[in-house]
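K.L.:
Fit chain A to the supplied structure of chain P, relying on the hints for placement.
Number of protein chains: 2
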Amino acid sequence: MSLAELTTRAGEWLSSEGPLHDVVISSRARLARNLGSVPFLSKCGEPLQREIETRLRREIRAANIAERMFYVDVAGAGELDRQLLVERHLISRQHADAQHPRGVAVSQDESVALMVNEEDHVRMQVLRSGLRLREAVAEISRIDDLLEARLDYAFHGRYGYLTACPTNVGTGLRVSVMLHLPALKMTGELEKVLRAARDMRLAIRGLYGEGTEASGDFFQVSNQTTLGRSEEQIVDEFLEQMVPKVIDYERRARQGLLKQRATGLDDKVFRSLALLRSARTMGSEETMYLLSLVRLGVNLERIRDVSIKTINELFLLTQPAHLQRIHRREMDGRERAEARAAFIRQRLHAP
Amino acid sequence: MSLAELTTRAGEWLSSEGPLHDVVISSRARLARNLGSVPFLSKCGEPLQREIETRLRREIRAANIAERMFYVDVAGAGELDRQLLVERHLISRQHADAQHPRGVAVSQDESVALMVNEEDHVRMQVLRSGLRLREAVAEISRIDDLLEARLDYAFHGRYGYLTACPTNVGTGLRVSVMLHLPALKMTGELEKVLRAARDMRLAIRGLYGEGTEASGDFFQVSNQTTLGRSEEQIVDEFLEQMVPKVIDYERRARQGLLKQRATGLDDKVFRSLALLRSARTMGSEETMYLLSLVRLGVNLERIRDVSIKTINELFLLTQPAHLQRIHRREMDGRERAEARAAFIRQRLHAP
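Read top to bottom, the protein sequences are chains P and A. Those letters in the first sequence? Residues 71 to 421, per this note's numbering, in order. Those letters in the second sequence? Residues 71 to 421, per this note's numbering, in order.
If you're looking for bench data, these hints aren't it; they were derived computationally from the structure. Treat the numbers as computed from the prediction; the structure is a model and nothing was measured. Honestly, I wouldn't trust all of these hints.
As the list claims (entries may be wrong) - Capping the alpha-carbon separation at 20 Å, the derived lysine to aspartate or glutamate pairs in EDC-like fashion look like this:
| # | chain 1 | residue 1 | chain 2 | residue 2 |
| --- | --- | --- | --- | --- |
| 1 | P | K329 | A | E408 |
| 2 | A | K262 | A | D318 |
| 3 | P | K379 | P | E82 |
| 4 | A | K113 | A | E189 |
| 5 | P | K329 | A | E405 |
| 6 | P | K379 | P | D179 |
| 7 | A | K379 | A | E82 |
| 8 | A | K315 | A | E261 |
| 9 | P | K315 | P | D92 |
| 10 | P | K113 | P | D167 |
| 11 | A | K329 | P | E408 |
| 12 | A | K329 | P | E405 |
Stated by the list, open to error - Sample of chain A residues facing chain P (criterion: CB under 7 Å; computed from the structure):
| # | residue |
| --- | --- |
| 13 | T333 |
| 14 | D336 |
| 15 | D337 |
| 16 | F340 |
| 17 | R341 |
| 18 | L345 |
| 19 | A349 |
| 20 | T351 |
Note that the Cβ used here is the ideal one computed from N, Cα and C, for glycine as well.
Extracted from the complex, chain P is given alone in its bound form (with noise of 0.2 Å):
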């Protein structure tokens, strides 16, 4: 398995077949732990953290967690091998851009990654298509037991299991959901939702999480704390108070849309379809922006011929990295324009 080969395709996440996939893309599951054996990461040399490094992705492999696993020495990575896990969703930002020695384990599905050396020791995730998150929890807990036969983690008979960071502290899971909300963003309704969420100590992010802004339309929702509560509470919490509401919202705000602003609804769709199958040169954010809308429109059956696979593989596959690999040489912004121009147009089918 190599970088390359992810350029062809999309990880299981971007599937969309799970339940409410209409507004659900995914569900996500993520665990922090860190070793007791040796300080926390920012605690420590350059040798400790390489041996830690090593040592994690030695256990991480005999654990024997997925099938066909892969490991990518991040540290020794290219520029836009580590840009293209970033729009995976395989590491994070901050992951790509640090120095020190770190690395990540990917499934073959790219369902399953773990962060070796990011903030924490070990950053484990399971993304799911879908509104999965219990399964997804489950499967974070089963890697978790796999991984801590082998490993002494730092746990306090109080707080739980330790983090870097406070707000992880306790059960160090964090459960998200990335939604698609581009009808309450259009009745304006949106404002309002967020609002309510956070009230509801949930945190609203963008597509690439903390830090980023929405872009299309895409809101990456999460639990704001994990102590003092079990894993349990946190997903019943999430998925049976929460995340139903904002899909009711959404769902709501299209079949209102649909009923009382068709015209205008199409005017939107159709006017995206159109520029992507026609325009020559188009940046990132304009591309997330129109595939949101025919995302909407393929979803309330306005657009037939197109399918949500090929709209979840063009928002991944048109980002700067993919369409560089794709291409394999470095481009400038204006030749990313033209060549993500191109390959939206071939990939509808443009007449």
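P.N.:
Chain A only, in chain P's frame:
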């Protein structure tokens, strides 16, 4: 001949068949004349205005200017019909909005229009497609002679023909061309060229003459003064020195775009066509803007499946009064925007 028939086609001046029609949409000659036996219009009471209107209507008919001319009693026409005449450049907005007795005589192909009781007693206009100003002036002189044989024009031995507005005194002749300058706009050179044109004593106006904004990169360029110069001087100066320069600038700009910015040009042109073929609602301004770019694309042979004739018809028929005439009912702005988009999609054979 009725006004309703006009909504199915464009006048000769929009046929895009004259010389240099890639840049020059049309050529116009206009002559202002007043009767010597009665005061200027603004000095007449309504009974006298009515008398003048009746007399001129009769004399114009008797002068046998063109085959199958028709006369519209503008004072008696509905608002929509008056607006229709403005959209077709057959009467001025002022003439449409006035309150006194007035009318317009129009030739079958709309190349000749004689407004009765506009600012002057008679305002004659000859419109021709492409750069055919000498032809237009010859035709307007012929019409002027036919009328002068039957009417007593206000004429002063020293000043020439007297007109309501002093800027028209002398020959009473104004010539203008409608230019399409999208490439100059795109390259950012437009302001420079327009400034140079103003320095050459040319007046630059929008699509509907005095006081209107240029929309869709169309500019009406006319001579500023008529006093002290003969008809021939006016036309020669305009045709041989001024207009060719502007045409040359625009053509150079187009070739420059093709050579140096072909992708950016195609991007604009194909996006515009795609939007016209896909929108479900579209305002007048946007329509003008997009049609202008598509016209450029067709002229430069980037777009090959749309004819200039279709573009020109769309410019005309998508205007508010035309749309309502075609649909045989009054429509508010929103209905018009939807009807406009549907009409354009149908005419452009959207997939």
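K.L.:
For every hint, state whether the structure bears it out.
P.N.:
Now the hints, each set against the structure:
1. Taking the CA atoms of K329(P) and E408(A), the gap is about 17 Å. The hint holds against a cut of 20 Å.
2. Taken as a hint, the K262(A) and D318(A) pair is honoured in the structure, with Cα atoms around 14 Å apart against an allowance of 20 Å.
3. With a C-alpha separation of about 11 Å, the suggested pairing of K379(P) with E82(P) holds against the 20 Å cut-off.
4. Among the hinted pairs, K113(A) with E189(A) is consistent with the structure: their alpha-carbon atoms are about 11 Å apart, no more than 20 Å.
5. Distance restraint check for K329(P) and E405(A): the Cα-Cα separation of roughly 17 Å lies within the 20 Å cut-off, and the hinted pair is therefore satisfied.
6. Simply put, K379(P) and D179(P) have alpha-carbon atoms about 15 Å apart, close enough for the 20 Å limit, and the pair holds.
7. For the suggested pair K379(A) and E82(A), the alpha carbons sit about 11 Å apart, so the restraint of at most 20 Å is met.
8. Proximity of K315(A) to E261(A) is assessed by CA-CA distance (about 15 Å); at most 20 Å being required, the pair is judged to hold.
9. Simply put, K315(P) and D92(P) have alpha-carbon atoms about 15 Å apart, close enough for the 20 Å limit, and the pair holds.
10. Note on K113(P) and D167(P): the hinted pairing holds, with a Cα-Cα distance of about 19 Å set against a maximum of 20 Å.
11. For the proposed pair K329(A) and E408(P), the alpha carbon gap of about 17 Å is at most 20 Å, so the pair holds.
12. Between the alpha carbons of K329(A) and E405(P) the distance comes to roughly 17 Å, so the proposed pair stays at or under 20 Å and holds.
13. Using the Cβ-Cβ criterion of 7 Å, the hint placing T333(A) at the interface with chain P is satisfied: the shortest such distance is roughly 5 Å.
14. For D336(A), the interface hint holds, since its Cβ comes within 7 Å of a Cβ in chain P; the closest pair sits about 5 Å apart.
15. Here the hint on D337(A) is kept, as its CB sits about 4 Å from the closest CB of chain P, short of 7 Å.
16. At its closest, the beta carbon of F340(A) sits 4 Å from a beta carbon of chain P; the interface hint therefore holds under the 7 Å criterion.
17. The interface hint given for R341(A) is met, as the beta carbon of that residue sits about 5 Å from the closest beta carbon of chain P, less than 7 Å.
18. The criterion of a C-beta within 7 Å of any C-beta in chain P is met by L345(A), whose closest approach is roughly 6 Å, and the hint holds.
19. The beta carbon of A349(A) comes within 6 Å of a beta carbon in chain P, closer than 7 Å, and the hint placing it at the interface holds.
20. The interface hint given for T351(A) is met, as the beta carbon of that residue sits about 5 Å from the closest beta carbon of chain P, less than 7 Å.
The structure meets every hint from the earlier list without exception.
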